[in-house]
Amino acid sequence: GQNIDQPTEMTATEGAIVQINCTYQTSGFNGLFWYQQHAGEAPTFLSYNVLDGLEEKGRFSSFLSRSKGYSYLLLKELQMKDSASYLCAPQTGANNLFFGTGTRLTVIP
Amino acid sequence: DTEVTQTPKHLVMGMTNKKSLKCEQHMGHRAMYWYKQKAKKPPELMFVYSYEKLSINESVPSRFSPECPNSSLLNLHLHALQPEDSALYLCASSGRTSGNTDTQYFGPGTRLTVL
Numbered sequence: 002g003q004n005i006d007q008p009t010e011m012t013a014t015e016g017a018i019v020q021i022n023c024t025y026q027t028s029g030f031n032g033l034f035w036y037q038q039h040a041g042e043a044p045t046f047l048s049y050n051v052l053d054g055l056e057e058k059g060r061f062s063s064f065l066s067r068s069k070g071y072s073y074l075l076l077k078e079l080q081m082k083d084s085a086s087y088l089c090a091p092q093t094g095a096n097n098l099f100f101g102t103g104t105r106l107t108v109i110p
Numbered sequence: 036d037t038e039v040t041q042t043p044k045h046l047v048m049g050m051t052n053k054k055s056l057k058c059e060q061h062m063g064h065r066a067m068y069w070y071k072q073k074a075k076k077p078p079e080l081m082f083v084y085s086y087e088k089l090s091i092n093e094s095v096p097s098r099f100s101p102e103c104p105n106s107s108l109l110n111l112h113l114h115a116l117q118p119e120d121s122a123l124y125l126c127a128s129s130g131r132t133s134g135n136t137d138t139q140y141f142g143p144g145t146r147l148t149v150l
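Protein chains in written order, with the numbering used here: chain A, 2 to 110; chain B, 36 to 150.
Keep in mind that the hints were calculated from the coordinates and are not lab data.
You may find that some hints are simply not true.
Derived lysine-lysine pairs resembling DSS-like cross-links, with alpha carbons at most 30 Å apart [said to hold, decoys possible]: (1) B:LYS71 with A:LYS82; (2) B:LYS44 with A:LYS77; (3) B:LYS71 with B:LYS57; (4) B:LYS57 with B:LYS76; (5) B:LYS88 with B:LYS76; (6) B:LYS44 with B:LYS71; (7) A:LYS82 with B:LYS73; (8) B:LYS57 with B:LYS44; (9) A:LYS58 with A:LYS69; (10) B:LYS73 with B:LYS44; (11) B:LYS53 with A:LYS82; (12) B:LYS88 with A:LYS69; (13) A:LYS77 with B:LYS57; (14) B:LYS44 with B:LYS54; (15) B:LYS44 with B:LYS75; (16) B:LYS54 with B:LYS73; (17) B:LYS44 with A:LYS82; (18) A:LYS82 with B:LYS54; (19) B:LYS71 with B:LYS53; (20) B:LYS76 with A:LYS69; (21) A:LYS58 with B:LYS76; (22) B:LYS53 with A:LYS58.
Away from chain A, derived, C-beta distances all over 12 Å, residues of chain B [as the list claims (entries may be wrong)]: (23) LYS54; (24) SER100; (25) PRO101; (26) LEU113; (27) GLU119.
What the simulated footprint calls covered on chain A by chain B, stretch by stretch (three residues with Cβ under 8 Å from a Cβ of chain B suffice, anywhere in the stretch; the number is not a length) [as the list claims (entries may be wrong)]: (28) 39-51; (29) 69-81.
All C-beta atoms in this analysis are idealised placements derived from N, C-alpha and C, irrespective of residue type, glycine included.
Bound conformation, chain B alone:
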């Protein structure tokens, strides 16, 4: 089973709203990721959690706040977003599968629209 789930599938929010994106995996993976993907562009890494600790923050604005409550869950809290933050937000997880491979498995994404 290589399933990563994300909720909600679609989200529309105003610039003053506070919302959260959720991601879950039950593969025993110890690394989890948030990516942002704009139309016709590749995924861009935002955050990496390794063993429930934030290990990489790719200079993401503070209006995006990640949280890793436990090894299976990853949240992305959103506050005071801008219309240019509208994108597909992808969650991924990875664990050692063979040798040194850390294959990342992606969830279906949350399509976010900021009005």
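This is chain A alone, in the form it adopts within the complex:
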């Protein structure tokens, strides 16, 4: 079966840095995606990790440790518009994404 664990909610201050952790246990693993989803909208792609290590993309970075079944999403210089849900999604097969329950991030002034 598939098991993904990430915090349900987090709050952080505008301009700060926040790290959203994700641990996973899946049958089959190709890589791990992070998606951002604003309320009532579709998920949008943020990052993809297939190898261990850190992938940096502007204010967003994502880290993966395959041996530990662990990933995190790092958001720097937080802006109010970053308030959203962040979905950790291991890719378990060529076309299979399995989404975690998501972390609802609230950015406060």
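For chain A, the structure is supplied; the task is to place chain B on it using the hints.
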């Protein structure tokens, strides 16, 4: 261009109605997906089409019937739905972008309400 379009944006239907959701992409992607998302829950995979053939059906009730008329279009036919089927229905598509990555790009969704 990473656009997936879906129509309609909102749909209200009775339990005896027949309706269809439509999804379209022009990115040359060969895999297309239907997901169902309830409020405050993650998207749940329903169907996957790969090269216009149904490759995954995640034990979805037969009142949901997918169709892939061509590589750009994906439909979801709805019949005799239940109120608990009310949800956001998301379409996604994917293709090889770099290496082995099959990034899925999502459409805006259809908000379905079953009365």
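Here is what the structure says about each hint:
For the suggested pair LYS71 (chain B) and LYS82 (chain A), the alpha carbons sit about 25 Å apart, so the restraint of at most 30 Å is met. Note on LYS44 (chain B) and LYS77 (chain A): the hinted pairing is violated, with a Cα-Cα distance of about 33 Å set against a maximum of 30 Å. Of the pairs offered as hints, the one joining LYS71 (chain B) and LYS57 (chain B) holds, with about 14 Å between alpha carbons and a cut-off of 30 Å not exceeded. For a cut-off of 30 Å, the pair hint linking LYS57 (chain B) to LYS76 (chain B) stands: about 23 Å separates their Cα positions.
The straight-line distance between the Cα atoms of LYS88 (chain B) and LYS76 (chain B) is roughly 28 Å, inside the 30 Å bound, and the hint therefore holds. Between the alpha carbons of LYS44 (chain B) and LYS71 (chain B) the distance comes to roughly 14 Å, so the proposed pair stays at or under 30 Å and holds. Of the pairs offered as hints, the one joining LYS82 (chain A) and LYS73 (chain B) holds, with about 23 Å between alpha carbons and a cut-off of 30 Å not exceeded. Distance check on the hinted pair: LYS57 (chain B) and LYS44 (chain B) sit about 10 Å apart at the alpha-carbon level, within 30 Å; holds.
The hinted pair formed by LYS58 (chain A) and LYS69 (chain A) meets the criterion: a straight-line CA distance of about 23 Å does not exceed 30 Å. Our distance criterion of 30 Å between C-alpha atoms is met by LYS73 (chain B) and LYS44 (chain B), whose separation comes to about 16 Å. The hinted pair formed by LYS53 (chain B) and LYS82 (chain A) fails the criterion: a straight-line CA distance of about 39 Å is larger than 30 Å. At most 30 Å may separate the alpha-carbon atoms for a hinted pair to count; LYS88 (chain B) and LYS69 (chain A) exceed this at roughly 36 Å.
For a cut-off of 30 Å, the pair hint linking LYS77 (chain A) to LYS57 (chain B) is broken: about 38 Å separates their Cα positions. A threshold of 30 Å between alpha carbons decides the hint, and for LYS44 (chain B) with LYS54 (chain B) the separation of about 13 Å falls inside it, so the pair holds. Under the criterion of a C-alpha separation no larger than 30 Å, the hint pairing LYS44 (chain B) with LYS75 (chain B) is consistent with the structure, at around 19 Å. Note on LYS54 (chain B) and LYS73 (chain B): the hinted pairing holds, with a Cα-Cα distance of about 19 Å set against a maximum of 30 Å.
Between the alpha carbons of LYS44 (chain B) and LYS82 (chain A) the distance comes to roughly 23 Å, so the proposed pair stays at or under 30 Å and holds. Only pairs whose Cα atoms come within 30 Å are accepted, and LYS82 (chain A) paired with LYS54 (chain B) is rejected, the gap being roughly 35 Å. About 18 Å separates the Cα atoms of LYS71 (chain B) and LYS53 (chain B), which keeps this hinted pair within 30 Å; it holds. A hinted pair counts as satisfied when its Cα atoms are at most 30 Å apart, and LYS76 (chain B) with LYS69 (chain A) qualifies at roughly 25 Å.
A distance of roughly 27 Å separates the Cα atoms of LYS58 (chain A) and LYS76 (chain B); the hinted pair therefore holds under the 30 Å criterion. A distance of roughly 44 Å separates the Cα atoms of LYS53 (chain B) and LYS58 (chain A); the hinted pair therefore is violated under the 30 Å criterion. Every C-beta of chain A lies more than 12 Å from that of LYS54 (chain B), the closest at about 20 Å, which supports listing it as non-interface. Every Cβ of chain A is farther than 12 Å from the Cβ of SER100 (chain B); the closest lies at roughly 20 Å, confirming the non-interface assignment.
Separation of PRO101 (chain B) from chain A is adequate, the least Cβ-Cβ distance of about 14 Å exceeding the 12 Å criterion. With a least beta-carbon separation of about 19 Å from chain A, LEU113 (chain B) lies farther than 12 Å from that chain, consistent with its non-interface assignment. With a minimum CB-CB distance of about 19 Å to chain A, GLU119 (chain B) clears the 12 Å threshold, and the non-interface call stands. Given as covered by chain B, the segment 39-51 of chain A passes the check, having 8 residues with a CB less than 8 Å from a CB of that chain where 3 are the minimum.
Counting residues of the segment 69-81 of chain A whose C-beta lies closer than 8 Å to any C-beta of chain B gives 0; at least three are required, and the coverage claim is violated.
Checked against the numbered hints above, the structure breaks hints 2, 11, 12, 13, 18, 22 and 29 and satisfies the rest.
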